[in-house]
Structures are given as C-alpha cells and as structure tokens.
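Going line by line, the protein sequences match chains V and R.
Under numbering that gives the first Met the number 0, think of the first position of the first sequence as 0, with each following residue one higher.
Under numbering that gives the first Met the number 0, think of the first position of the second sequence as 0, with each following residue one higher.
These aren't lab readings, by the way, just hints derived from the structure by calculation.
In this text, a Cβ means the ideal position worked out from N, Cα and C, and glycines have one as well.
It is possible that part of the hints are untrue.
Claimed, not checked - Ranges between beta-carbon positions, derived for each pair:
{"#": "1", "chain 1": "V", "residue 1": "Ala126", "chain 2": "R", "residue 2": "Ser160", "range": "37 to 43 Å"}
{"#": "2", "chain 1": "V", "residue 1": "Thr110", "chain 2": "R", "residue 2": "Ser96", "range": "31 to 37 Å"}
{"#": "3", "chain 1": "V", "residue 1": "Gly31", "chain 2": "R", "residue 2": "Thr139", "range": "51 to 57 Å"}
{"#": "4", "chain 1": "R", "residue 1": "Leu60", "chain 2": "V", "residue 2": "Asn95", "range": "28 to 34 Å"}
{"#": "5", "chain 1": "R", "residue 1": "Ala104", "chain 2": "V", "residue 2": "Val169", "range": "54 to 60 Å"}
{"#": "6", "chain 1": "R", "residue 1": "Asn63", "chain 2": "V", "residue 2": "Thr93", "range": "56 to 62 Å"}
{"#": "7", "chain 1": "R", "residue 1": "Ser97", "chain 2": "V", "residue 2": "Asp142", "range": "25 to 31 Å"}
{"#": "8", "chain 1": "R", "residue 1": "Thr120", "chain 2": "V", "residue 2": "Thr135", "range": "37 to 43 Å"}
{"#": "9", "chain 1": "V", "residue 1": "Thr110", "chain 2": "R", "residue 2": "Ser97", "range": "47 to 53 Å"}
{"#": "10", "chain 1": "V", "residue 1": "Ser51", "chain 2": "R", "residue 2": "Thr120", "range": "30 to 36 Å"}
As the list claims (entries may be wrong) - Computed footprint of chain V on chain R, listed as stretches where at least three residues anywhere in the stretch have a Cβ under 8 Å from a Cβ of chain V:
{"#": "11", "region": "46 to 53"}
{"#": "12", "region": "104 to 113"}
{"#": "13", "region": "116 to 130"}
{"#": "14", "region": "166 to 176"}
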Amino acid sequence: MTNRFNTALLAALAASMLLAEPALASTQGSFGSTSTGSVTINASVPGRVRISGLSDVTFSNVDPSVAASNAQNVCVWSNTSTRGYNITATGSGTANAFTLASGALPAVPYTVQWASSSGQTSGTSLASGTALVGQTSSATNQDCSAGPAASASLVVGVSSSTLQSMTAGVTYNGTLTLVVAPE
Amino acid sequence: MEPLPPSRDARHEGGKARGTLKGAPRLTLPIAVLLAAFFSPQPAAAQKVRISDLSDVNFGLIANLQTDARRSQNVCVFSQSAGGRYSITATGSGSGSSFALTNGANSLAYEVEWNDQSGQTSGTSLVPAVAVTGRVSAATQQTCNSGPPSTASLIVILRSSSLTQAREGNYSGSLTLVVAAE
C-alpha cells in the first residue's frame, strides 16, 4: 500500500507596528570656511517571519501494523525582539481537516506536531486552524543559510488504525499548509 | 649682487626714492612684500561655504523589506571658491561615526550618496568621515534664494540586505554633513 501526500508550503507575513512620530531635527549650515548641517533619519521595520526548508512528506509501503511518522527539520525565522512566532496549520480536507483523500474512498486522518527546535521526532500537536503561540526561533538568518541550519521540527503521522483502514495499492494525497506569524 | 652695507648717508635717507645705489636694498624689500601680497592667491580660509535646505529623512514603515529603500532630497550648497568647488564629509551617529540607525538595542546600517546636481536619485557613495573632494556648486546665492533653487542631491539608502536581517522596531539616527571650500 502506498500512502502519499504532499505538504504545501506557505509563510505568512504580518505587520503590526505603529510608526513613532519622527522628530523634526534637521539643522542648516551657517556661512563660513566650513558649513555643517544635519538631518535625522527615521525608519520603522515591521515584524516579519519566514518559513522555509520544507519538504514533501511521502509514506511508501508502510507497515499498517505500525504507526507511520515522518519528522523533518524546518527553518522558521522571526525578526521580533523575542524572535517569537506562532504557527497555524490547515489541511486540505473538509473544513481544513488534516486528511488524505483518494477519489471516492473515505478520507483518512493524519496528525501534525510542531517543535520549536530542530531534530525532534515529536512535538506539540496542532489542531487545524488553531494557532500554536509562544514559539521561539533560534534562526539568525531568514532561510537559515547562516547560523543554525534549522530551527524547528514538523512531524506528520498516520496511526496504525488509520493505516489498516486504508485501501492497499491506492495513493492518498493531501496538502498541509503552515502559516507563521510574528509574535 | 651682495648688498653693500648702508653708508651713513643712506641710513639717513633710507626709504626715500631718491636714495643712492647704496640705499637701494632698503627700498626693494617693502616693494617685494607688497607685490607678493598683491599677486598671491587668497588663503583658503577666506573662501566660505554654506549648506542649507536639509530635511529630515523619514522612511516610515518599510513594508517591503525585499527591496532597497531610498530617499533623496535636493540641497543647497554655496561655495565662494573658484568654480564653486567644495568638499563634503558625512558622519553618522553609529559606532565610530558609522552610518547606522538604532532602535536602542539593535542597529540598522544605511548608505549615503552625494550628487553635486539636484534632482538625482544616485550619486557618489560617501564613506563616514572621509571627504569627497572636487564637488562643484552652481549656487549664486548662499541659501539658493535666487539662482538655482538647489545644487546637490543627498541620497540615503537602506539596503534590502540590511532590512531583511533587521529586528523589528523603530530606528533613528542622525547624519551630519560638513562642507568645506576648496
């Protein structure tokens, strides 16, 4: 039996900063052998996040008597002062359920877990459409091309009972969407 | 010819045009000084400059961090030097006079460019505390109240490479420009 579904990748960007009123402080030079003027420069950088390093998840020829699990390292970057973020996952099933489908066959559920450190094989279970708040990233670069190579773990699982309910030799597919927002 | 020692008569007549050959050396010195003073170039300190019409640079909320943010403004620089020549030196308020903004905890680097024509959006890159020489101003009035309304462009740039790595927050800093006659 081959069960296969794809994980789609999305990153959410949110900006919630209010601008501070810039001080008007430019000074003009006077007439002399040298003349000095100055300006004040103001800029506001909004909160931004990025998720990257995601890979599709494929379960092939799994043993239905044993639960299947796939863990992958992911890069989540946040520019907030605490490097904080929250993550929301939605599936492609009915009402965004975490389910896989194969034509007219009954959809089958899968589970999603998230850990805010890399190299994990378990984490906090995600409910579809519900943000998991209070996450912190160790990434120092947007796509982890420098600093830590990954900053979180995504774990997708299919229970043994679900596997046993699936039709052998049929491919099941689904899409998992992950939205990260700054905190 | 080595000057002869002045005679007693010459001492009595020194400085007068009717002095004899013996008194001539006492006359040539003040004339030479006068000629040198008349024909020598004016000292640089006498040439004055002025920079004005500077405005604060407000980038506001930079929604797109993936592209460079650039602000340019027209500035008036007046120089009394021949040809309106001047140099410009910029220093920032960052560490070591660097061009950097701060939000109190983090810094955000920026770049400065200068163009000695107004209405420009790019120019010569300035290095903190390093004078860029050979600039020329077309200003005919100290504050550009008459003649060209502005003579130069100041460009401040926040590179996307800095923005995409910057921490969230409100950043500010000051940029000081010193113009000198050349």
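Now for the hints, and whether the structure bears them out:
The hinted range of 37 to 43 Å is satisfied by Ala126 of chain V and Ser160 of chain R, whose Cβ atoms lie roughly 38 Å apart. About 56 Å separates the C-beta atoms of Thr110 of chain V and Ser96 of chain R, a value inconsistent with the hinted range of 31 to 37 Å. Checking the proposed 51 to 57 Å range against Gly31 of chain V and Thr139 of chain R shows it is violated: the Cβ atoms sit about 18 Å from each other. Distance hint for Leu60 of chain R and Asn95 of chain V: a CB-CB separation of about 32 Å, consistent with the stated range 28 to 34 Å.
A beta carbon spacing of about 55 Å between Ala104 of chain R and Val169 of chain V agrees with the range 54 to 60 Å that was offered as a hint. In this structure the supplied range 56 to 62 Å is violated for Asn63 of chain R paired with Thr93 of chain V, their Cβ-Cβ distance being about 36 Å. For Ser97 of chain R paired with Asp142 of chain V, a C-beta distance near 27 Å keeps the hint of 25 to 31 Å intact. Between Thr120 of chain R and Thr135 of chain V the beta carbon distance is about 40 Å. The supplied range of 37 to 43 Å therefore holds.
In this structure, Thr110 of chain V and Ser97 of chain R meet the distance hint of 47 to 53 Å, their C-beta atoms being roughly 50 Å apart. The hinted window of 30 to 36 Å between Ser51 of chain V and Thr120 of chain R holds, with their beta carbons roughly 33 Å apart. Interface restraint, the region 46 to 53 of chain R with chain V: holds (8 residues with C-beta to C-beta distance below 8 Å; minimum three). With a cut-off of 8 Å between beta carbons, the region 104 to 113 of chain R has 3 residues touching chain V; three or more are needed, and the interface restraint holds.
Remark: the region 116 to 130 of chain R is not confirmed as covered by chain V, as 0 of its residues place a Cβ nearer than 8 Å to a Cβ of that chain, below the required three. A stretch counts as covered by a chain when three or more of its residues have a beta carbon under 8 Å from one of that chain; for the region 166 to 176 of chain R and chain V the count is 11, and the coverage holds.
The structure is inconsistent with the numbered hints 2, 3, 6 and 13, although it conforms to all the rest.
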